[in-house]
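Asker: So the chains spell out like this:
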Amino acid sequence: MYVIIAYDVNVERVNRVKKFLRQHLNWIQNSLFEGEITPADLEEIKMGLKKIIDEDEDMIVIYRLRSADAMKREVIGVEKSSMEEVI
Amino acid sequence: MRRKNFYIVSDGKLKRKENTIYFENEEGRRPIPISAIYAIYALGSLTVTSKALSYLAKEGVCVHFFNRYGFYEGSFYPRESLVSGEVVVRQAEHYLDRDKRLYLAKAFVEGSIMNMARVLRKNGEDDTEVISALQALSEAEKIDEVMGAEAIARNAYYSKFDTILKNMKFERRSRQPPENEANAMISFGNSLLYSAVLSEIYHTQLHPAISFLHEPLERRFSLALDIAELFKPVIVDRLVFNLVNRKVVTESDFDDRFNGVLLNENGRKKFVKAFNERLEKTVKHRKLKRNVSYQRLIRLECYKLVKHILNAEKYRPFVMWW
Numbered sequence: 001m002y003v004i005i006a007y008d009v010n011v012e013r014v015n016r017v018k019k020f021l022r023q024h025l026n027w028i029q030n031s032l033f034e035g036e037i038t039p040a041d042l043e044e045i046k047m048g049l050k051k052i053i054d055e056d057e058d059m060i061v062i063y064r065l066r067s068a069d070a071m072k073r074e075v076i077g078v079e080k081s082s083m084e085e086v087i
Numbered sequence: 001m002r003r004k005n006f007y008i009v010s011d012g013k014l015k016r017k018e019n020t021i022y023f024e025n026e027e028g029r030r031p032i033p034i035s036a037i038y039a040i041y042a043l044g045s046l047t048v049t050s051k052a053l054s055y056l057a058k059e060g061v062c063v064h065f066f067n068r069y070g071f072y073e074g075s076f077y078p079r080e081s082l083v084s085g086e087v088v089v090r091q092a093e094h095y096l097d098r099d100k101r102l103y104l105a106k107a108f109v110e111g112s113i114m115n116m117a118r119v120l121r122k123n124g125e126d127d128t129e130v131i132s133a134l135q136a137l138s139e140a141e142k143i144d145e146v147m148g149a150e151a152i153a154r155n156a157y158y159s160k161f162d163t164i165l166k167n168m169k170f171e172r173r174s175r176q177p178p179e180n181e182a183n184a185m186i187s188f189g190n191s192l193l194y195s196a197v198l199s200e201i202y203h204t205q206l207h208p209a210i211s212f213l214h215e216p217l218e219r220r221f222s223l224a225l226d227i228a229e230l231f232k233p234v235i236v237d238r239l240v241f242n243l244v245n246r247k248v249v250t251e252s253d254f255d256d257r258f259n260g261v262l263l264n265e266n267g268r269k270k271f272v273k274a275f276n277e278r279l280e281k282t283v284k285h286r287k288l289k290r291n292v293s294y295q296r297l298i299r300l301e302c303y304k305l306v307k308h309i310l311n312a313e314k315y316r317p318f319v320m321w322w
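Note that the protein sequences, when read in sequence, are chains C and F.
Sequential numbering of the first sequence, starting at 1, is according to our numbering.
Sequential numbering of the second sequence, starting at 1, is according to our numbering.
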């Protein structure tokens with residue numbers, strides 16, 4: 001499956017969330033990650049995030065897509081990070 | 001995240017920061033999520049920090065190094081996480097026992113011949129000459145004779161290349177250095193394939209240095225050479241035909257200022273991209289009844305070998321069925 005994760009968390013924790021997600025997904029822009037993962041990976045990510053954030057204050061949204069083909073991606077302006085495999 | 005192969009063609013530095021691998025150079029910094037890396041192919045001049053290497057080792061990521069001419073130099077093969085003494089002992093047994101070794105060597109060559117024939121037929125060429133090498137193969141009683149049968153098939157196979165290739169001359173197979181563009185691509189493709197096979201062997205219990213067709217030499221992971229034989233026609237040669245005949249790679253992608261001809265940086269980039277697409281391309285597997293990628297087919301071949309040496313199921317080589 002393909003997931004898009006956006007987060008809005010307190011500044012105290014924002015960096016920890018970013019660091020954690022960087023291990024698992026592609027960084028797209030501030031507070032936004034995406035990537036192809038397995039359902040097991042998603043559970044792992046969800047558990048990791050729950051440990052970091054304060055569930056009474058912060059918010060994280062996870063959009064789940066069947067696959068990358070199921071979405072149409074368009075970028076306006078400068079793409080901050082590439083996902084190409086040939087660097 | 002689904003693990004992918006990364007090909008680093010540009011020059012730069014690979015380092016670890018906060019549990020993420022970064023590739024850095026003057027043009028900028030590119031984070032690569034660790035859980036997205038299956039293997040790394042270093043084709044440019046790459047500096048790797050020891051911190052990055054130990055992190056990659058922990059995650060079981062192989063790094064394959066190529067020199068600036070695109071020739072394979074070696075691999076960073078992390079400490080194995082899949083260790084089975086039994087498999088290694090049995091593997092050695094299948095090498096030491098003359099008949100057992102001959103069986104496997106013949107199987108690799110048989111698969112390789114059948115795949116060459118399939119590739120010729122797919123391109124509308126006559127394959128009888130290639131197929132006829134099977135006769136010599138069945139009569140072979142020594143490894144040398146098996147190699148000989150393979151050479152007969154390969155010569156017949158290569159003699160058809162000039163009719164298949166539309167915009168480039170092939171003439172004959174030349175190596176170290178390749179004499180023309182088509183040969184340069186085949187050589188480069190074969191070394192990429194060798195690394196790809198080695199990455200798959202790493203993820204099994206097989207020992208990469210105990211081989212059956214090739215002599216297990218020192219300083220070489222020769223089992224990867226054995227298995228690569230089966231996939232050269234299917235993956236590399238078809239890719240070369242495709243790139244040449246669709247004019248994706250042209251004369252301007254080569255450099256002939258040396259003794260031989262080699263792909264230049266731009267050509268290498270194009271080739272590597274197409275090679276990766278090919279590895280990720282899927283076909284419907286008849287027995288598993290699901291789509292598997294070409295890369296996965298290589299892994300399945302390793303699993304079949306494990307089953308064979310443990311006497312669970314006799315090894316039959318992979319032959320292209322589509």
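Do not rely on the hints blindly, as some may be mistaken.
Below, simulated SDA-like cross-link-like pairs (lysine to any residue); rule was C-alpha separation at most 25 Å, straight line [stated by the list, open to error]: (1) F:Lys100 x F:Ser252; (2) F:Lys4 x C:Arg13; (3) F:Lys270 x C:Val61; (4) F:Lys289 x C:Glu84; (5) C:Lys72 x F:Gly44; (6) F:Lys284 x C:Met1; (7) F:Lys13 x C:Lys50; (8) F:Lys13 x C:Lys72; (9) F:Lys269 x F:Ile34; (10) F:Lys273 x C:Ile28; (11) C:Lys80 x F:Lys169; (12) C:Lys46 x F:Thr47; (13) F:Lys169 x F:Lys100; (14) F:Lys284 x C:Glu36; (15) C:Lys18 x F:Leu53; (16) F:Lys4 x C:Ile53; (17) F:Lys4 x C:Glu44; (18) C:Lys19 x F:Arg3; (19) C:Lys18 x F:Phe23; (20) F:Lys13 x C:Ala70; (21) F:Lys273 x C:Lys46; (22) C:Lys19 x F:Cys302; (23) C:Lys19 x F:Tyr38; (24) C:Lys50 x F:Leu53; (25) F:Lys160 x F:Lys284; (26) F:Lys51 x C:Tyr2; (27) F:Lys281 x C:Lys19; (28) C:Lys80 x F:Leu217; (29) F:Lys270 x C:Gln23; (30) F:Lys15 x C:Lys72; (31) F:Lys17 x C:Glu79.
Estimated spans, in silico, between C-beta atoms of each pair [said to hold, decoys possible]: (32) C:Arg73 x F:His203: 15 to 21 Å; (33) C:Asp69 x F:Leu310: 35 to 41 Å; (34) C:Asp69 x F:Asn245: 40 to 46 Å.
Just so you know, the hints here were simulated from the structure itself, not pulled from any lab data.
Please read all numbers here as calculations on a predicted model, not as lab measurements.
For every residue, glycine included, the Cβ atom is placed at its ideal position computed from N, Cα and C.
Asker: Determine which of the earlier numbered hints do not hold for this structure and return their numbers in increasing order.
Answerer: 1, 2, 3, 4, 5, 7, 8, 11, 12, 13, 16, 20, 21, 22, 24, 25, 26, 27, 28, 29, 30, 32, 34
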